[in-house]
Amino acid sequence: MFLILPLCAAYSVLLLCFWPYSVMRLSIAWEASMLCGFSALFFLLTLFALTGRPLPEPFFDGRFFLTLHRWLAWLFVGLVALHAGGIIWVDPQTLYDVWPSGAPGMQFGAAAAALAVVTPCLALQRVRRGLYATAAMFRRSHALLAMAVLGASVFHVVATQVHVALWWQVWMCVGIAMVACVLPVGERSLLARLPTRHGGRRRRLHTAYLARRLAGVMLCVAACETVVFVLWRH
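Take the sequence shown: its position 191, counted from the start at 1, is 191 in full-length UniProt numbering, and no numbers get skipped.
Don't read these hints as lab results, they were simulated from the structure. Nothing here was measured: the structure is a model prediction, and the numbers come from that model. Even for Gly, the Cβ is constructed at its ideal location relative to N, Cα and C. It is possible that part of the hints are untrue.
Here are the simulated distance ranges between beta carbons [claimed, not checked]: (1) Tyr96 to Val127: 30 to 38 Å; (2) Pro92 to Gly130: 34 to 42 Å; (3) Ala223 to Ala103: 28 to 36 Å.
Could you build all of it, start to finish, from the sequences and the hints given here?
The structure is reproduced here in structure tokens:
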């Protein structure tokens, strides 16, 4: 509950700020694909907040937060696939925009989608151990790839101007991305000062299964909230 409520509030703000119009662009399938894209952007931003480091609340072990980060990453990849697949299914000519002579916004979107698939695959345990000599090298590489995905995604959202067209929306989107990029650094320095015990007790162990359930609940809540939002707007 401690994590779900703030994330639901943040998702509501994202929808209200970046989805202000009730005009149906092409069809319900098109709008659903667009909403999958915005939901993917939201889950991408949550990955910069829930980086896998143990937070003060809930007072669980590190495996819980690592598992939650991993499942949120795969939810992000799934939503990206739904976003791209839905748009191509509704309008196959969109593929021409990805060609070298196409629109830069769509090209950056394709690059972001490709990096979104590659980044979590490189974080798999067997791949990670085979490619990176140390954990520090993996963390630096993973952070750079994540920022590249976020930067390309934001450029895609801003350049296509499908729903983010007003100047304050553009600057808000860029500002959120910049804050997300520096958030893990501040979070790391802040969490390093926190004690390992909380009220005389250690962190709760064996909580990875709770992270999987929490990721599922977050997906269901976001889906329900999106449906209610679309019905309200249209």
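The hints, checked one at a time:
{"no.": "1", "hint": "Tyr96 to Val127: 30 to 38 Å", "in the structure": "holds, 33 Å"}
{"no.": "2", "hint": "Pro92 to Gly130: 34 to 42 Å", "in the structure": "holds, 38 Å"}
{"no.": "3", "hint": "Ala223 to Ala103: 28 to 36 Å", "in the structure": "holds, 29 Å"}
The earlier numbered hints are all upheld by this structure, with none contradicted.
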